[in-house]
Amino acid sequence: MTEIIDVTNLNFSWGNNHVLKDLNLNLKENELVSIIGINGAGKSTLLKCLNRILKPDSGEISIFGKELSDVDLIELSKHISYVPQSIRSNFSMDVFDVVLLGRRPHIQWMIAGEDREKVSKTLRYLNLEEFAFRRFDQLSGGERQRVIIAKAVAQDPAVYLFDEPTSDLDLKNQIEIMKRIKELISAPESSKSALIAIHDINIAARFSDRILLLHEGRIIADGTPQEVLTTKNIAEVFNVTSEIVNMHPNYIRIIIKDEINEKKTNRTVIL
Amino acid sequence: MDSISEKHIENGKTQFLMVLILGIITVFLSLFAMGQGSSSNLDMMSTINIILGLEAATELQSDIIWKLRFPRILMAIIGGAALAVAGSLMQGCLGNPLVSPLTLGVASGAALGAAFAIVLGVSVLPYSNLAIVANAFFFSLIVVAIIIQLGSLRSISAESYILVGIAITFISGAVVSTMQYFATDAQLSQLAHWSFGSLSRPDLIQVLAISIAVLGLMPTAMKWSWDLNALSIGGDEFAISTGVNPAETRRNMLILSAFMTSVVIAFTGLIGFVGLAAPHMSRLIIGNDYRKLIPCSAIFGAFLMVFADTLGRTLFAPIVIPVGIMLSIIGGPFFMYLLLANRGGKK
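Going line by line, the protein sequences match chains Z and W. Sequential numbering of the first sequence, starting at 1, is according to the numbering used here. Sequential numbering of the second sequence, starting at 1, is according to the numbering used here.
FYI, nobody ran anything at the bench for these hints, they're computed from the structure. Hints are not guaranteed to be accurate.
Claimed, not checked - The calculated DMTMM-like cross-link candidates involving lysine to aspartate or glutamate, where the alpha carbons are at most 25 Å apart (straight line), are:
1. K223(W) / E75(Z)
2. K292(W) / E114(Z)
3. K223(W) / D209(Z)
4. K28(Z) / D209(Z)
5. K172(Z) / E114(Z)
6. K28(Z) / E67(Z)
7. K13(W) / E67(Z)
8. K292(W) / D2(W)
Input sequences plus hints: build the corresponding full structure.
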């Protein structure tokens with residue numbers, strides 16, 4: 001498989017807080033890779049460094065063998081699309097026009113017929129056609145999240161960077177969106193890949209080809225869900241006890257049992 | 001072509017038609033405004049015929065048209081369009097609907113320049129009838145230079161631009177107030193008149209020069225429409241993910257709009273409301289797509305300015321109420337009505 005992104009010794013700090021420490025990772029074609037870790041582990045920071053939203057302190061990031069900082073921003077947006085958890089704005093547009101912004105890297109000024117077709121197809125693909133001419137700001141949080149994902153799909157990049165793509169979605173839509181993403185990535189003719197920062201380890205376990213366990217600024221485990229999501233790793237990173245259940249030959253489920261209290265403290269319940 | 005694409009094209013055509021109708025109304029309003037004035041033998045048709053060369057004009061008629069009415073109406077059209085476009089660009093690139101061309105302190109800079117010329121007699125073009133205009137323009141360009149400097153700073157945010165603009169406004173206001181404190185009654189009167197905002201000051205040559213500058217800058221604004229769309233709808237991170245450099249877009253759009261504002265208000269004095277209201281009125285008609293919003297704002301701005309000026313000239317004729325005052329008096333309630341009607345419709 002062709003390597004799309006390669007990260008070597010990446011460091012990033014927010015002030016004195018050293019978030020990413022000599023981090024290394026790579027992403028290949030047709031790979032869906034999840035990054036899991038506790039709040040503040042640096043998952044979103046990593047995604048933003050990969051899309052040049054944040055500038056790393058040091059380290060190298062290359063895309064298709066080219067240094068990331070040398071790639072023109074328009075060119076980069078043809079290769080990578082970053083999908084934030086949500087967007088907030090004082091201005092709004094019809095859903096069709098928001099998704100059409102995904103075609104921005106591909107068009108000069110006028111909208112071509114094929115750009116409209118691409119948006120229409122994407123809306124249908126993600127079951128959003130009924131929202132096409134509704135205002136973006138009048139949608140629910142989950143609907144908006146699906147629209148932002150649709151914008152990234154319409155952008156047609158080689159790499160999707162998703163930051164918690166299912167955080168606002170109901171159970172059905174979580175499964176549906178992840179299935180669609182998986183379809184896009186695994187289609188042999190697509191040669192795309194996705195890096196997903198996600199909290200739901202069961203979603204990660206079911207859909208990921210590979211999981212990266214990010215802890216204290218470093219990737220401490222990198223492998224298939226079965227290799228990474230062990231009770232030991234989960235206890236070390238998330239401080240909870242768990243049980244791993246084999247649901248299907250291809251994926252596992254993790255049942256979280258209880259938190260691990262290293263120090264027993266007497267807490268008063270506030271009612 | 002599928003049904004969703006067809007509907008998108010259909011919506012675009014409807015919006016284009018609405019802008020076209022607004023444009024035609026503005027043209028007719030301007031022609032009507034040409035016929036308004038104290039000279040009874042120069043009605044609308046005679047004025048149009050004389051402009052088109054279809055009717056011979058006396059020297060007096062020619063002077064009335066080419067020295068008074070034509071420059072005034074053209075200034076209204078160009079000034080309204082420029083301030084409205086500047087307002088829409090600034091609102092989009094700063095992601096803030098409360099922003100207007102006066103927010104960045106360009107107008108305060110111009111007022112400071114005018115005060116220097118009027119009260120202290122200090123001007124970049126001394127002993128000239130353009131002393132006040134030249135000073136107003138020069139001082140507003142200083143504010144533009146400050147904006148350029150700000151833009152070159154690393155990680156300057158939209159809020160920082162607005163806060164610096166407010167600071168410039170306060171500083172300029174304090175200096176102007178100090179000069180007013182020591183000014184004579186005649187100087188105070190002149191300064192007050194400058195600040196009212198009037199379309200009668202620039203002559204034909206000056207209005208043509210302003211028109212060339214403004215019309216020359218409009219295509220540049222249009223070129224950045226997609227970048228403004230991404231930035232105004234999704235903010236900086238969303239914009240970067242669609243290939244837009246938010247810092248560069250913000251800096252360029254602010255310089256462009258500040259320059260457009262400077263060119264107009266140096267000649268007209270303070271006209272603020274059109275730059276806030278026209279973009280919002282346009283957003284209610286056309287939405288927030290800058291490819292359509294920029295031309296629609298320009299036409300709406302021109303319409304509002306011509307309408308307010310015509311009303312100001314005819315309502316209490318022969319007394320002429322300055323356009324800046326008229327705009328706020330009639331535009332304010334109209335603006336509030338549109339906003340409230342729109343909010344009511346959403347429920």
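Results for each hint:
Our distance criterion of 25 Å between C-alpha atoms is met by K223(W) and E75(Z), whose separation comes to about 18 Å. A distance of roughly 21 Å separates the Cα atoms of K292(W) and E114(Z); the hinted pair therefore holds under the 25 Å criterion. About 42 Å separates the Cα atoms of K223(W) and D209(Z), which puts this hinted pair outside 25 Å; it is violated. At most 25 Å may separate the alpha-carbon atoms for a hinted pair to count; K28(Z) and D209(Z) meet this at roughly 11 Å.
Under the criterion of a C-alpha separation no larger than 25 Å, the hint pairing K172(Z) with E114(Z) is inconsistent with the structure, at around 31 Å. Proximity of K28(Z) to E67(Z) is assessed by CA-CA distance (about 16 Å); at most 25 Å being required, the pair is judged to hold. With a C-alpha separation of about 44 Å, the suggested pair K13(W) and E67(Z) falls outside the 25 Å cut-off, and the hint is violated. The suggested pairing of K292(W) with D2(W) holds, with an alpha-carbon distance near 23 Å, which does not exceed 25 Å.
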